[in-house]
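Engineer: Listed below are the residues making up each chain.
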Amino acid sequence: MNIRRITKATLLGVSFAAVMASAASAKTLVYCSEGSPEGFDPALYTAGTTFDASSKPVFNRLVEFKRGTTEVLPGLAESWSVSDDGTEYTFNLRKGVKFHSTDYFTPTRDFNADDVIFSFERQLKKDNPWNTYTAGAAWEYFDGMSMPDLIKEIVKVDDYTVKFVLNRPEAPMIANLAMDFASIQSKEYADKLEADGTRDLLNQQPVGTGPFQFVGYQKDAVIRYAANPDYFGGKQPIDNLIFAITTDASVRLQKLKAGECHVMPYPAPADIEDIKADGNLQLQEQQGLNVGYLAYNTKQAPFDNPKVRKALNMAINKQAILDAVFQGAGQAAKNPIPPTMWSYNDAIQDDPYDPEASKKMLEEAGVKDLQMKVWAMPVQRPYNPNARRMAELIQADFAKVGVGVEIVSYEWGEYLSRSKAEDRDGAVLLGWTGDNGDPDNFLAVLLGCDAVGGANRAQWCDKDFEDLIQKAKVATDRAERTKLYEQAQVVFKEQAPWATIAHSVVFMPMSAKVSGYVMDPLGGHWFDGVDIAE
Amino acid sequence: MLRFLVGRIGLLIPTFLGVTLVAFSFIRLLPGDPLDLLAGERGIDPARKAELLHQMGFDRPLWHQYLMYLGDILQGDLGTSFVSKKPVLEEFFTLFPATVELSLCAIFIAVAIGIPAGIFAAVKRGSFFDQTIMGTALVGYSMPIFWWGLLLIIFFSGILQWTPVSGRISLIYFFPQVTGFMLIDSLLSGQEGAFKSAVSHLILPSVVLATIPLAVIARQTRSAMLEVLGEDYVRTARAKGLAPFRVIGLHALRNALIPVITTIGLQVGVLLAGAILTETIFSWPGIGKWLVDSISRRDYFVVQGALLMIAGVVMLVNLIVDVLYGLINPRIRHN
Numbered sequence: 001m002n003i004r005r006i007t008k009a010t011l012l013g014v015s016f017a018a019v020m021a022s023a024a025s026a027k028t029l030v031y032c033s034e035g036s037p038e039g040f041d042p043a044l045y046t047a048g049t050t051f052d053a054s055s056k057p058v059f060n061r062l063v064e065f066k067r068g069t070t071e072v073l074p075g076l077a078e079s080w081s082v083s084d085d086g087t088e089y090t091f092n093l094r095k096g097v098k099f100h101s102t103d104y105f106t107p108t109r110d111f112n113a114d115d116v117i118f119s120f121e122r123q124l125k126k127d128n129p130w131n132t133y134t135a136g137a138a139w140e141y142f143d144g145m146s147m148p149d150l151i152k153e154i155v156k157v158d159d160y161t162v163k164f165v166l167n168r169p170e171a172p173m174i175a176n177l178a179m180d181f182a183s184i185q186s187k188e189y190a191d192k193l194e195a196d197g198t199r200d201l202l203n204q205q206p207v208g209t210g211p212f213q214f215v216g217y218q219k220d221a222v223i224r225y226a227a228n229p230d231y232f233g234g235k236q237p238i239d240n241l242i243f244a245i246t247t248d249a250s251v252r253l254q255k256l257k258a259g260e261c262h263v264m265p266y267p268a269p270a271d272i273e274d275i276k277a278d279g280n281l282q283l284q285e286q287q288g289l290n291v292g293y294l295a296y297n298t299k300q301a302p303f304d305n306p307k308v309r310k311a312l313n314m315a316i317n318k319q320a321i322l323d324a325v326f327q328g329a330g331q332a333a334k335n336p337i338p339p340t341m342w343s344y345n346d347a348i349q350d351d352p353y354d355p356e357a358s359k360k361m362l363e364e365a366g367v368k369d370l371q372m373k374v375w376a377m378p379v380q381r382p383y384n385p386n387a388r389r390m391a392e393l394i395q396a397d398f399a400k401v402g403v404g405v406e407i408v409s410y411e412w413g414e415y416l417s418r419s420k421a422e423d424r425d426g427a428v429l430l431g432w433t434g435d436n437g438d439p440d441n442f443l444a445v446l447l448g449c450d451a452v453g454g455a456n457r458a459q460w461c462d463k464d465f466e467d468l469i470q471k472a473k474v475a476t477d478r479a480e481r482t483k484l485y486e487q488a489q490v491v492f493k494e495q496a497p498w499a500t501i502a503h504s505v506v507f508m509p510m511s512a513k514v515s516g517y518v519m520d521p522l523g524g525h526w527f528d529g530v531d532i533a534e
Numbered sequence: 001m002l003r004f005l006v007g008r009i010g011l012l013i014p015t016f017l018g019v020t021l022v023a024f025s026f027i028r029l030l031p032g033d034p035l036d037l038l039a040g041e042r043g044i045d046p047a048r049k050a051e052l053l054h055q056m057g058f059d060r061p062l063w064h065q066y067l068m069y070l071g072d073i074l075q076g077d078l079g080t081s082f083v084s085k086k087p088v089l090e091e092f093f094t095l096f097p098a099t100v101e102l103s104l105c106a107i108f109i110a111v112a113i114g115i116p117a118g119i120f121a122a123v124k125r126g127s128f129f130d131q132t133i134m135g136t137a138l139v140g141y142s143m144p145i146f147w148w149g150l151l152l153i154i155f156f157s158g159i160l161q162w163t164p165v166s167g168r169i170s171l172i173y174f175f176p177q178v179t180g181f182m183l184i185d186s187l188l189s190g191q192e193g194a195f196k197s198a199v200s201h202l203i204l205p206s207v208v209l210a211t212i213p214l215a216v217i218a219r220q221t222r223s224a225m226l227e228v229l230g231e232d233y234v235r236t237a238r239a240k241g242l243a244p245f246r247v248i249g250l251h252a253l254r255n256a257l258i259p260v261i262t263t264i265g266l267q268v269g270v271l272l273a274g275a276i277l278t279e280t281i282f283s284w285p286g287i288g289k290w291l292v293d294s295i296s297r298r299d300y301f302v303v304q305g306a307l308l309m310i311a312g313v314v315m316l317v318n319l320i321v322d323v324l325y326g327l328i329n330p331r332i333r334h335n
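In order, the protein sequences belong to chains A and B. For the first sequence, the positions run 1 to 534 when the numbering used here is used. For the second sequence, the positions run 1 to 335 when the numbering used here is used.
Honestly, the hints are just simulated from the structure, not real lab data. Don't take each hint at face value.
DSS-like, lysine-lysine: derived pairs with alpha carbons at most 27 Å apart [said to hold, decoys possible]:
#1 Lys299/A <-> Lys49/B
#2 Lys334/A <-> Lys471/A
#3 Lys124/B <-> Lys125/A
#4 Lys49/B <-> Lys152/A
#5 Lys49/B <-> Lys125/A
#6 Lys49/B <-> Lys126/A
#7 Lys126/A <-> Lys196/B
#8 Lys124/B <-> Lys126/A
#9 Lys49/B <-> Lys192/A
Facing chain B, from chain A, some residues (calculated, C-beta under 7 Å) [what the hints assert, rightly or not]:
#10 Ser250
#11 Gly454
#12 Ala455
We put the beta carbon where it would ideally sit given N, CA and C, even for glycine.
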């Protein structure tokens, strides 16, 4: 070991010891996270585990989701206005917001418009030096939300005013800016890294304005944060936040019971009763903003006939699926968006489970001895905890109406890729968890004409439906949009491109000592405002 | 001896090339690619995907990619992780000490218990003790590691609360990584109780990881001892009236240990393979867990690099065992 390494280690030791000295009387909350973050620059990634460790504790965005809802509130922007034609969004930035002062960076100025421009232009402009700052940088979420097509330019009006100019009106724009990829980085920090020739550190040692500042990450083991003393939203009730990475759900529960951690995500469904019975634990639950569905290939006979699709939907016993696959932690889905989302059309009646009627409808449609494939996902997802089992139940249901089912599956990446093909053979089990709480994020992404051959696994392009969602996309009035989406759901139900199966319930076990934790309908894990009793 | 050593090292070169080829093709034979997995349910625009594949060089013919990879290896570059964007070698050396520490403890337990148990079983051949030891060894050998690990956690950490559930050290201790070995770093930190905490965290994972090698070593020791105990020189030693302890401990054991040492050497591969499961159960930040995560994310360079480095370690240990064996037994080095 060389001298430099020893010196560095000693210096680190001294500063860590200082942290520890204050930690002796400090309040520490330990979160048993389910996996390792891929990195700490949220714009580079798409995984919730990475966002939990980066964008949520360390960063802020121009606008933020109100905790526990999908309502958008001011964040680093105090207020905003939209031009009449819906193509210009002007944000008035908050003054006096400080970036984190850490061992590796001390800011000399407050947050301003330059930071906003930097955070977005690195994703938007291919010629921006930070566009390819790290190997294989792919701005997957920014691109996936069609931001490059949407944003014409971002203009600095003055130090505390920024204007986003769009190529077309886009009602979900504000909700998009509350998403993780829109986290605001410090340009001053980036400039320092550039000067030092260590640009990669932007993804390893983050500097943000958020409630917690990054202290250290020991790969695959522990991430440490300290409360940001200068946080514009006020100092946190806890002093230290620690993520203890624990990939196995049973081990996470054992750690929670042993007091080695205070909060854990994703318990195994089989453990729920045990957790409820434990007096030292509390269990929060929330409707997930998700939907699990079976998408027919509407371009293929006989599934191009809505009557056939409707008949098959009536053959599925959803209650049996909820009992066996979701073990009661879910509710039957009748619409493509979950009931917790605004514009959910509760007036719609679900297709009844009626095998006899289904059989009759199939006969009327001239379908006899139908053989089909049902694709079962190889992975567990909140919207579908056991796709193989679900496929088997559907197979048994369809057999009752004279439809033979062959269950097929592929490795996950292959499954995602093959199921997009327009000439795909069979109906696909899949699902979706919302990104930003806007109905457009379900209806246009999963059922829009542009998404055929992509995320629209039903390959369904219906003119009436498309007109409605396109109108809703550019309308700025919430009441008008709600009406349009409600109508779109009626068209969806008549045309039945999917069999909507279920919306799941998400559970969050934690120690009884923890207070102030609020579950996020978008599936994130936030610790600002959380306290723990001594 | 030099000729023997050169010959053995010469053999490593084609083996190493073979491993690079296997590691390179293995991950590419698996269906799915990192970009589809990264994009998830949303999917990725085909044009954008083609652009990214081009940027990463994955659109080139496979032989071209392989030659480039080989060229990079020769310059000491194992590539950069597609996920963490860090050099593979840097990640390997961050995580490797954790696996080594766990494996060394496991092999220590396996040897410390396995050899005496094997000797005892051989000496008391056919007795109740022999049957019990060999029966237990068989159970240990057939035990599903994942189930065994969880069972120990529930019993010792959950019910008895004697040991911590998982991790390498209690989270209240916080010091920089100097050597990467928690036992050493905790001592260097000077923090009270840190070393004790590191030891207590090591116990369960080491026991779990030691289970299979322990069973193998015990069985191997028993059969080697039985063979040696039937030899003429042992009978002679006994006839000369030597104390049973000297006969078994000095004359028999010394010769019986030769195949046992080979077995211990071979267990390095078993340990590294077992570490993949053990590290996952105990949230142990080593290379086993790293490899599993990388395979599921199709992080090509990490999988290739990890396999290559693991193979390298196994080859190196085997070389050392071969050399030691050559030193002990002149017939081998002259043949």
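Engineer: Confirm or reject each hint.
Structural biologist: Here is what the structure says about each hint:
The straight-line distance between the Cα atoms of Lys299/A and Lys49/B is roughly 25 Å, inside the 27 Å bound, and the hint therefore holds. A hinted pair counts as satisfied when its Cα atoms are at most 27 Å apart, and Lys334/A with Lys471/A qualifies at roughly 23 Å. Using a Cα cut-off of 27 Å, the hinted pair Lys124/B and Lys125/A is violated, with the two alpha carbons roughly 78 Å apart. Straight-line distance between C-alpha atoms of Lys49/B and Lys152/A comes to about 23 Å, which keeps the hinted pair within the 27 Å bound.
Proposed proximity of Lys49/B and Lys125/A is supported: the alpha carbons are some 18 Å apart, at most 27 Å. Distance hint between Lys49/B and Lys126/A is fulfilled; the C-alpha atoms sit about 16 Å from each other, no more than 27 Å. Proximity of Lys126/A to Lys196/B is assessed by CA-CA distance (about 53 Å); at most 27 Å being required, the pair is judged violated. A distance of roughly 76 Å separates the Cα atoms of Lys124/B and Lys126/A; the hinted pair therefore is violated under the 27 Å criterion.
With a C-alpha separation of about 32 Å, the suggested pairing of Lys49/B with Lys192/A is violated against the 27 Å cut-off. A distance limit of 7 Å between C-beta atoms decides the matter here; for Ser250/A the minimum to chain B is near 6 Å, and the interface restraint holds. Hint on Gly454/A holds. Least Cβ distance to chain B is approximately 5 Å, under the 7 Å limit. Restraint check, Ala455/A versus chain B: the minimum CB separation of about 5 Å is within 7 Å; hint holds.
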